[in-house]
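A.B. asks: Each protein sequence line maps, in turn, to chains P and C. With this note's numbering applied, the first sequence covers -11 to 263. With this note's numbering applied, the second sequence covers 264 to 656.
It should be emphasised that the hints constitute simulated quantities derived from the structure, not laboratory data. Accuracy of the hints is not assured; some may be wrong.
[As the list claims (entries may be wrong)] Here are some, though not all, of the chain C residues that point toward chain P, as calculated from beta-carbon distances under 10 Å:
| # | residue |
| --- | --- |
| 1 | 460 |
| 2 | 461 |
| 3 | 465 |
| 4 | 466 |
| 5 | 519 |
| 6 | 522 |
| 7 | 535 |
| 8 | 598 |
[As the list claims (entries may be wrong)] Covered, in the sense of this in silico footprint (three residues per stretch, anywhere, with C-beta under 8 Å from a C-beta of chain C), are these stretches of chain P:
| # | region |
| --- | --- |
| 9 | 103 to 113 |
| 10 | 116 to 122 |
| 11 | 128 to 135 |
| 12 | 214 to 223 |
Think of the CB as a built atom: it goes at the ideal place given N, C-alpha and C, for glycine as much as any other residue.
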Amino acid sequence: MTAEQQHPAGTSSPPGEPHLKVVGVVKHFGGVEALAGVDFELRRGEVMGLVGDNGAGKSTLMKILAGAHVADAGHFYIDETEVTISSPHEASRLGIQIVYQDLALCENLDVTANLFLGKEPTVPGWTRFLPERLRPIDTLSMELEALAAVQRLDVRTLKSVRAKVGVLSGGQRQAVAIARAVGTESSILLLDEPTAALGVAQTAQVLNAVRRLRDNGHAIVYISHNLGDVFEITDRITVLRQGTNVGVFETKQTNNDEIVAAITSGGDPGNGNHG
Amino acid sequence: MADTLNRSLATLGAMRESRFGSYLPVLLALVAIWGFFGLTEPNFLSPRNFYFLFLQSAVVGTLAVGITIVLLIGDIDLSAAATAGVCAALLAVLITNEGVPVPIAIIAAIVAGIVLSGAEGMIVAFVRVPSFVVTLAGLLAFQGLMLKILGIHGAINMRDPFIRDLTTANLPNEIGWALVALGIVALALAVWRTRRKRASLGLELDPVYADLGKIVGFGLLAAVGVAILNGYRGVPVVVVLLLAVTALLGWITTSTRFGRALFAVGGNTESARRVGISITWTRVAAFTIVGLMAAFAGIVGASRYASVSFNAFAGGPLLLNAIGAAVIGGTSLFGGRGSVWNAILGALVIGSVGNGLDLGGASAADKFIISGAILLLAVSLDAVSRRGASQTR
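Can you make the complete structure from the sequences, with help from the hints?
C.D. replies: Okay, structure coming up:
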């Protein structure tokens, strides 16, 4: 069964060619084959769920896309141009950003400082004679941009971008991490279990932020174990099992049982192929 | 009851998290200590005593400011006092025994400080040995190095007038007051400009009382300090120099990309690495700054004691006093939180306690025990206020 087929016509998912496409990705760790020739694609303005059991290869695929791992084999295309992804730096240059589950925020710094960490703009003018790293940071323009970024994601509960990240809620932190990832020139956002540790209200907040990004034309990969969230937020769902892609499903035309079957047994041949 | 405790912890945490409030705990401690000794020792609050209190705190303060920089990245430098000792010994030998011109001897001492600490920083950053171990080894090695430089005498006198002037010269009263006025005007102008810019950009403003409090607080502190010092001999030059260096480092740590990197590495090393901050070079730079400040401390110490001896630097309580000053000031041993200004205030706390106990005729044993208790209190406050801050979510 190959569910990786033509896109069904007449669905609500955005039209167009895939923005990111990978073909035949293979990755070995020692003797273990983590990915055995995975195909995967992602369109602009789409949230693609990536689900599968533990060890199915979700995280490996994510890390390869983010440049943290290098694939042993496979082809990568962005807007039909073949590219190579061999380092996080290269991935970020291609517009691919990842938000890891641990977020990696500095709790001792405020929201603005976290959003611009490592790429702070400096005050123009007299400071040009100073070494680059000793130039004063342009805090006011940073704060303006941070406010705009937070507003774009519609994080209403965040009262001040001068609040230390350490005092924020889990949902707010997730939003800050997402805002940092999309703040740079990115078109592809990889989210690893963004709602794993969150309560109901905070999950809603994060899903809302993801929706806003999708509506702005970002292509988003959403890894989660929580199928409820996946059905709520995604447009399509890719199921991995034992390092292979066992199916791509239109979220609106599938159901929980079908996805669970695909995750656990590679799908029931009777209804796995819905195209 | 538990709720009240939680809330007060949270308030304490929030208080220390705000930019202005981080000075409050140590300032309150200072006022309490001064009040206590002012009541028990009639001479404690005299201008003469305060003058010497400031001078005594200058060496510890200089070293504490340097140590604050490595504490910010979550490392520690146990060899800072020994480094200062090597620099002081080198300075004394070059000037007193070898007759080398003073500027060259000063440069040699500074280079020595930077090289020794920089080397430790490289080992910490590249070989990835914990700084605790590297600088403990450095402490031992530099103690030996200092003894070697001092030779068989164990102490070298420092009679050079320029070096001595560093800690004996004072500003004329008028210049002291002029500096206070200048400081207040400059601070007020800076606060007002920021306020106006923020308002014109539509950004949130600090409450007026916070901005005013900043200016009034600084003005009051500076005016009282200068008034007291002028009541004896005037503001010591070394105090002004130390404040100038601290101001520069304070600006670097809070307002530049390098300073942001220090806080990021101390707050979350993995995060700093992922955004492309060079952890290794940030570390090396931080240790180099400690070396520079240790050299300054060595020079100031040589000047203040008019001699260089093993016990005044490497072998004495200088190191623990300096680390204590940084931590009492509110700089976290866990990294990512602190300020060089607080180190100065912490040095004053340590100096005041030692001075007050001396006046009361306390034994060396009592002084050690009480200093230890105060340090423990400060670190406990740090740990508790961290918990308080994370409970406000």
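A.B. asks: Next, verify each hint and record whether it holds.
C.D. replies: Hint check:
no., hint, result
1, 460, "6 Å, holds"
2, 461, "7 Å, holds"
3, 465, "8 Å, holds"
4, 466, "6 Å, holds"
5, 519, "5 Å, holds"
6, 522, "8 Å, holds"
7, 535, "7 Å, holds"
8, 598, "8 Å, holds"
9, 103 to 113, "holds (count 5)"
10, 116 to 122, "holds (count 3)"
11, 128 to 135, "holds (count 4)"
12, 214 to 223, "violated (count 0)"
Of the numbered hints stated above, the single one contradicted by the structure is hint 12.
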